[in-house]
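Model the full assembly from the supplied sequences, consistent with the hints where possible.
Protein chains in written order, with the UniProt record's numbering: chain A, 1 to 314; chain B, 1 to 276; chain C, 1 to 415.
Incorrect hints may appear among the rest.
Using 27 angstroms as the maximum straight-line C-alpha spacing, the simulated DSS-like pairs for lysine-lysine come out as follows [claimed, not checked]:
1) C:LYS58 to C:LYS311
2) A:LYS26 to B:LYS103
3) A:LYS115 to B:LYS263
To spell it out: a stretch of chain B is covered by chain A in this simulated footprint if at least three of its residues, at any positions, have a beta carbon under 8 angstroms from a beta carbon of chain A; those stretches are [what the hints assert, rightly or not]:
4) 114 to 122
5) 202 to 211
6) 244 to 256
Source of the hints: derived by calculation from the structure; they are not laboratory data. Positions of the beta carbon are idealized from the N, C-alpha and C atoms, including for glycine.
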Amino acid sequence: MTALEQQQLPGPRSGTRRRGSPLGSKWTPYFFLAPAALFILVFQVVPLAQEVFLSFTRTSLLNPTHSTWVGFDNFARIFGDEDFRRTLLITLVYVVVCVVVAVGTGLAVALLLNKGFRGRGLARALVTIPWAAPGIAVALIAIWMLNPDYGIVNRFLDTIGLGVPGGAILDSPRYALPAILVTTIWQLFPFTSVVLLSALQAVPPHLTEAATMDGAGRWWTFRAVTWQSIKPTVGLLALLMTIWSLRRFELIWLMTKGGPVGATETLVIDLYSQAFDSKQLGSAAAVGMVGIVISLIVIAGSRFVARAAEREAR
Amino acid sequence: MRLPHVGLTLRIIGVLLVLGVAVFPLYWMFVTALTGDSELFASEARLVPDFSQFGVFIDALAEGKATTWLLNSLVIAAGTTILSIGLGIPLGYALSRFSFRGKVIVTVVLLFTQMLPEALMVVPLFALFRRFDLLDSLGGLILVNSAFVLPIVALILKGAIDGLPREVEESARVDGARPLTVLLRINVPLIAPSLAATAVIAFFHAWNEYVFAVTFVFTPGLQPASVGIANFIGELGTPIQTVMAVSFMFTAPAVVFYLFVQKYVVAGMTAGAVKG
Amino acid sequence: MRLHRIRRSMVAAVSVTGMAAALLAGCGSDGGSEGGVTKLTFAASTLGDPGRGPLLTKWLEEFNKSQNKVQVSPAAVPYPTFGQTILTQMGSGKGPDLIRFDMPEFESASDAGLIAPLNDLIDVSKYDLLKQPDQFMVHDGQRHGIIFEASNYAMFYNADLIKKAPTTYDEFVETAKSLTKGDTYGLAFRQTEAEEAGVWQDIFNYVYGFGGAWSDGKQLTINSPENLKGLQAYKDLYDAKVIPRGTDAATFRRMFAEGKVGMELNNGGYVTATRGQNADLNFNVAPIPFPVRKQGTILAPIVINEASPAKEEAATFIKWALEPANQVKLQEILGASSVATVTQRSPEKLKETPFLTVFDDLTESSLPQIVLGFEAKTPDIRKVVVKNVIAALQGTVDLKTALDNAQQEASQLVG
Numbered sequence: 001m002t003a004l005e006q007q008q009l010p011g012p013r014s015g016t017r018r019r020g021s022p023l024g025s026k027w028t029p030y031f032f033l034a035p036a037a038l039f040i041l042v043f044q045v046v047p048l049a050q051e052v053f054l055s056f057t058r059t060s061l062l063n064p065t066h067s068t069w070v071g072f073d074n075f076a077r078i079f080g081d082e083d084f085r086r087t088l089l090i091t092l093v094y095v096v097v098c099v100v101v102a103v104g105t106g107l108a109v110a111l112l113l114n115k116g117f118r119g120r121g122l123a124r125a126l127v128t129i130p131w132a133a134p135g136i137a138v139a140l141i142a143i144w145m146l147n148p149d150y151g152i153v154n155r156f157l158d159t160i161g162l163g164v165p166g167g168a169i170l171d172s173p174r175y176a177l178p179a180i181l182v183t184t185i186w187q188l189f190p191f192t193s194v195v196l197l198s199a200l201q202a203v204p205p206h207l208t209e210a211a212t213m214d215g216a217g218r219w220w221t222f223r224a225v226t227w228q229s230i231k232p233t234v235g236l237l238a239l240l241m242t243i244w245s246l247r248r249f250e251l252i253w254l255m256t257k258g259g260p261v262g263a264t265e266t267l268v269i270d271l272y273s274q275a276f277d278s279k280q281l282g283s284a285a286a287v288g289m290v291g292i293v294i295s296l297i298v299i300a301g302s303r304f305v306a307r308a309a310e311r312e313a314r
Numbered sequence: 001m002r003l004p005h006v007g008l009t010l011r012i013i014g015v016l017l018v019l020g021v022a023v024f025p026l027y028w029m030f031v032t033a034l035t036g037d038s039e040l041f042a043s044e045a046r047l048v049p050d051f052s053q054f055g056v057f058i059d060a061l062a063e064g065k066a067t068t069w070l071l072n073s074l075v076i077a078a079g080t081t082i083l084s085i086g087l088g089i090p091l092g093y094a095l096s097r098f099s100f101r102g103k104v105i106v107t108v109v110l111l112f113t114q115m116l117p118e119a120l121m122v123v124p125l126f127a128l129f130r131r132f133d134l135l136d137s138l139g140g141l142i143l144v145n146s147a148f149v150l151p152i153v154a155l156i157l158k159g160a161i162d163g164l165p166r167e168v169e170e171s172a173r174v175d176g177a178r179p180l181t182v183l184l185r186i187n188v189p190l191i192a193p194s195l196a197a198t199a200v201i202a203f204f205h206a207w208n209e210y211v212f213a214v215t216f217v218f219t220p221g222l223q224p225a226s227v228g229i230a231n232f233i234g235e236l237g238t239p240i241q242t243v244m245a246v247s248f249m250f251t252a253p254a255v256v257f258y259l260f261v262q263k264y265v266v267a268g269m270t271a272g273a274v275k276g
Numbered sequence: 001m002r003l004h005r006i007r008r009s010m011v012a013a014v015s016v017t018g019m020a021a022a023l024l025a026g027c028g029s030d031g032g033s034e035g036g037v038t039k040l041t042f043a044a045s046t047l048g049d050p051g052r053g054p055l056l057t058k059w060l061e062e063f064n065k066s067q068n069k070v071q072v073s074p075a076a077v078p079y080p081t082f083g084q085t086i087l088t089q090m091g092s093g094k095g096p097d098l099i100r101f102d103m104p105e106f107e108s109a110s111d112a113g114l115i116a117p118l119n120d121l122i123d124v125s126k127y128d129l130l131k132q133p134d135q136f137m138v139h140d141g142q143r144h145g146i147i148f149e150a151s152n153y154a155m156f157y158n159a160d161l162i163k164k165a166p167t168t169y170d171e172f173v174e175t176a177k178s179l180t181k182g183d184t185y186g187l188a189f190r191q192t193e194a195e196e197a198g199v200w201q202d203i204f205n206y207v208y209g210f211g212g213a214w215s216d217g218k219q220l221t222i223n224s225p226e227n228l229k230g231l232q233a234y235k236d237l238y239d240a241k242v243i244p245r246g247t248d249a250a251t252f253r254r255m256f257a258e259g260k261v262g263m264e265l266n267n268g269g270y271v272t273a274t275r276g277q278n279a280d281l282n283f284n285v286a287p288i289p290f291p292v293r294k295q296g297t298i299l300a301p302i303v304i305n306e307a308s309p310a311k312e313e314a315a316t317f318i319k320w321a322l323e324p325a326n327q328v329k330l331q332e333i334l335g336a337s338s339v340a341t342v343t344q345r346s347p348e349k350l351k352e353t354p355f356l357t358v359f360d361d362l363t364e365s366s367l368p369q370i371v372l373g374f375e376a377k378t379p380d381i382r383k384v385v386v387k388n389v390i391a392a393l394q395g396t397v398d399l400k401t402a403l404d405n406a407q408q409e410a411s412q413l414v415g
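Next up, the structure:
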């Protein structure tokens, strides 16, 4: 997937033109492209264009075909709203923590599983289970485990003396976001560890051996050899985690609906409640546009970092 | 001599801890499903399943609804997997092997659509589906789910094809094979691990999807399991054990499917990444 | 060998894609009429209730047996997203033919013209409708719904734990406190944002029971002194930890059924649901012991979707439901709720459930949980009020400020 990162925009450097190439006529690529392109055009681009339009209108969910053009009013309103600024901040916290902890935990687990031991295959298979669990099922079991009175989490925390007062974890502005983060990361870390594990296994063993032979310490070996070769994978994972976390919906909606007092309201939750609770499709679309712009900045930024790293490597 | 031993013990403890964290919630789902009413609300938690309560699974299945939901989920997930891969292979191939006018736009659009949250698209897609008479059908859900996973599928497959040497297909071309034949006979078999990876992503996406399924399907007989489970969450009461039993049955096939293909997934997922 | 296998799987893949396409073409059906039979769908979140859901489905089957031209089948829309789902569908000109709404959604849908006017479809003069709840079904002379269920709020209590029901607010607090120990709670109510609609229903009893109101019909009165008093009572009980905090309604109702919660203010629909969860629970019902005898009522109208292609047939169903025998059956399914018309409770039912009359006697003093004068804006006002009240529960602001904020935000909303 890094390959895609590097090649997706054929800049001036990749100037190999293949007019009349052995791969067929100039129409050949369009033949391969057409079905998928048509599909994406109909089911993604057209609805998205409608949303862009909606973000400049006042439109009710109850009558979505009648829109009143209001220019930038929706954007002016959401940016003037203190709650929206909090939403942006919470989105930032949520995404950053998800990315850092999911990748960090993933790396730790990958390092743990990287050494050969008996039953490693089984361990690797079991660790990946959370990733396969459907979001709605995860939310339901998380809610039950966090139940203030009968949830196993509170019972455990009480036993070790770390109990949250009243056990109300999802109900407290202080603990709700951490609880949702833990649940999210529980679902994400298998993915990052599996990907990082195979990246680790692709590190040429003779390099690490050579470093060890030279008397380098473990930490130095890790930094100089291992980290250098898994860095691109880490970068890619960070990008994926960012995009996925920005759009995560079901887990948060089912667990807290963005509450209490907005403590877990991310952009997508805000979008959903604007559209379906407040029935304001216009403001919802505007919130959506803000999210999309943020994602674009993240992607552009990651490409910039990747390029800089490449230049440095040269 | 002693130190490595300590290291090994620590490693074993670490692995067991990670496994415990990974598996416990699912285990707890199973235990909760198999806990009697009085014990569910007792002051001490029941830590092991009570197999005398196993009837909850049978009851959930016997009612017939849960079976229908799971089957619908399966049809949607399998359909989405096939359709998105069927469209993703040629798209990934075109992006990998050809340069053509509009390639930049196509790639940017693909990356871009990865960021669209489902909730944003529900209303315009509803209108679209209405026009094409796709509402209230499993086929419609297959289409919409495919549209949402197609970009990532195509991008992963493009990365995989990028990693293949060109020589083989070029010699086949010289022998007079047509591009489609080259793709299907030569490239596709070589990217099988990446196909498995994308299959998993597509399958899970569709298996889990809730927002479209709940809005676009009205007939109870066509609802997938994600919506079916939500049906249990009532205003006046939620039968916790039944919900957990159905959730467990909803989770298990996905996990089994994953364990089945995980070897390929790991290889395929990182085909491009490791290389970079 | 390997190549071969993959090729075969490609063939399989292509043929399955073909099947999927065929499925697509076949599944685009839309209900409507087939072979002279009109198929209608009926959406009601009640259809998912334990106890009541299966009985309601049977009741629908009785209708289907009585007809040869119209068939009604349940459209199961999950409760957590019921309003959002149905309104999205209706706004786009789709959705079930018949819907059982809750009041706030009913008001905004009828205001937006999504509900079929019933004046020409159903002649209500033939039926003995209950006047107090029925007045809310008519807007400017045009009828938009028929009461499907009207369910007054009362105090449910566990008769094993509470020998004598409290009759004053002080006794109520005292009882709640004395029962709370270990894993048992004296009381339960909704207090999380995830249950916004439920919190709105629950605080309604505190506001109106202490003499307050959301509006005077012309102006919002969210921060009136009476409202503050009522909501302070609500907050005091929350602060006193006599309720299972952070627990959702579905769970604390299970707890009530298991004898772990002593009292709950709830509507009559809860009777059947509780028995459905624990047939042996010894519980009783009394009026809510707040200073003013005014409480909320769940009014749930049944309406016809303006977008339905078969309004006449849908009206056939409503007319069938209004027939006296079917009203009695519906009432028995719904439990202690009343239905659209005046019905007599059978002596057997009264013997089985003597407290049914408690609910019936409350009809005159019960009000639907909408903001009078701002009916169509109720969901928006609800969102603002609940958000601010919960902020006060969580201690981020004091209650007075929270209500002032709510008043200001809501006034801006209604313009």
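Outcome of the hint check:
A threshold of 27 angstroms between alpha carbons decides the hint, and for LYS58 (chain C) with LYS311 (chain C) the separation of about 23 angstroms falls inside it, so the pair holds. Distance check on the hinted pair: LYS26 (chain A) and LYS103 (chain B) sit about 13 angstroms apart at the alpha-carbon level, within 27 angstroms; holds. Restraint check for LYS115 (chain A) and LYS263 (chain B): the C-alpha separation of about 17 angstroms stays at or below 27 angstroms, so the hint holds. A stretch counts as covered by a chain when three or more of its residues have a beta carbon under 8 angstroms from one of that chain; for the segment 114 to 122 of chain B and chain A the count is 9, and the coverage holds.
A count of 5 residues in the segment 202 to 211 of chain B with a Cβ less than 8 angstroms from any Cβ of chain A is obtained; the coverage claim is therefore met, three being the minimum. Look at the segment 244 to 256 of chain B against chain A: 7 of its residues bring a Cβ nearer than 8 angstroms to a Cβ of that chain, three or more, so the hint holds.
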